[in-house]
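Peer 1: Residue strings, one per chain:
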Amino acid sequence: GAVVSQHPSRVICKSGTSVKIECRSLDFQATTMFWYRQFPKQSLMLMATSNEGSKATYEQGVEKDKFLINHASLTLSTLTVTSAHPEDSSFYICSARYGTAKETQYFGPGTRLLVL
Amino acid sequence: TQLLEQSPQFLSIQEGENLTVYCNSSSVFSSLQWYRQEPGEGPVLLVTVVTGGEVKKLKRLTFQFGDARKDSSLHITAAQPGDTGLYLCAANAGKSTFGDGTTLTVKP
Chain A
1 GAVVSQHPSR VICKSGTSVK IECRSLDFQA TTMFWYRQFP KQSLMLMATS NEGSKATYEQ
61 GVEKDKFLIN HASLTLSTLT VTSAHPEDSS FYICSARYGT AKETQYFGPG TRLLVL
Chain B
1 TQLLEQSPQF LSIQEGENLT VYCNSSSVFS SLQWYRQEPG EGPVLLVTVV TGGEVKKLKR
61 LTFQFGDARK DSSLHITAAQ PGDTGLYLCA ANAGKSTFGD GTTLTVKP
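Line order of the protein sequences matches chains A and B.
Read in order, the letters of the first sequence are residues 1 to 116 in the numbering used here.
Read in order, the letters of the second sequence are residues 1 to 108 in the numbering used here.
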C-alpha cells in the first residue's frame, strides 16, 4: 500500500519559535496533500488542502499566515507553524492522495507538537 | 452542520461481543472510507466502499455501503482487545470530510 511519512514525529519548542513539519509520499506521487489537526479523543479537523505548485486552500478559521503550507513537489508538503504558542500544541497529521477526489487518502503517522 | 455523523461516539464492550458503528449523511458520496486510529498514530485505512449496497468483509469486520450511498456501517464480530481504537469514516466530496469518530474500548 501507499506509504506516507512525517518528520519529526515529536517536537517540543519554546513559545515564539517556528516549527516545520514535513510530509512525504514515499512510493507514489501525491497530487493533493491534506493537513489535519487533532485534539485528544476527537476526530480530525481539516486545516488546509494543498496541490503541488499552487497555493494551499485553507479551511475557515485557519490562519494562513500562522500555518504556512508549501507543496513544493509531488512527494513533499511542509507545514510551518509560525510564532508558535501553547495553544498550538496538538497532533498534526498529513495525508496524501493521488488522482481525483474518488481516490483514497493515505495518512502519515502524525507529529506531536508541544509548545512550552 | 456535520456532513458525516457517526454513532455511537463512545462504545465500551467486553471481549467476544458484537458491535455496529454507523456513519450517516444526507449527502451522496462517490466513495466512503473507514479508518482505525490508535493513540499517537495516524489513521490506518481499513476499507473503501464505492458501490451502493456494497458489502466488504475483512476478517471479523463487515462494512456496508448504503444503497443510496449516503450511509455506511461497520460491524465487528467477536470483538477483541486489539480492536480498541478510534474508528473514523470519511467521504470524498472534493475534499476530505471526516465523521466525529467512534471510540471503541474492548475489555478483556
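Check each hint, because a few of them may be wrong.
Computed, partial: chain A to chain B, Cβ under 10 Å [as the list claims (entries may be wrong)]:
(1) H7
(2) P8
(3) S9
(4) C13
(5) K14
(6) Y36
(7) M45
(8) S90
(9) I93
(10) T104
(11) Y106
(12) F107
(13) P109
(14) G110
Everything labelled a hint here was simulated from the structure, so no lab data went into it.
Glycine included, every Cβ here is placed at the ideal spot set by N, Cα and C.
Peer 1: Which of the listed hints are broken here?
Peer 2: Those not satisfied are hints 1, 2, 4, 5, 8.
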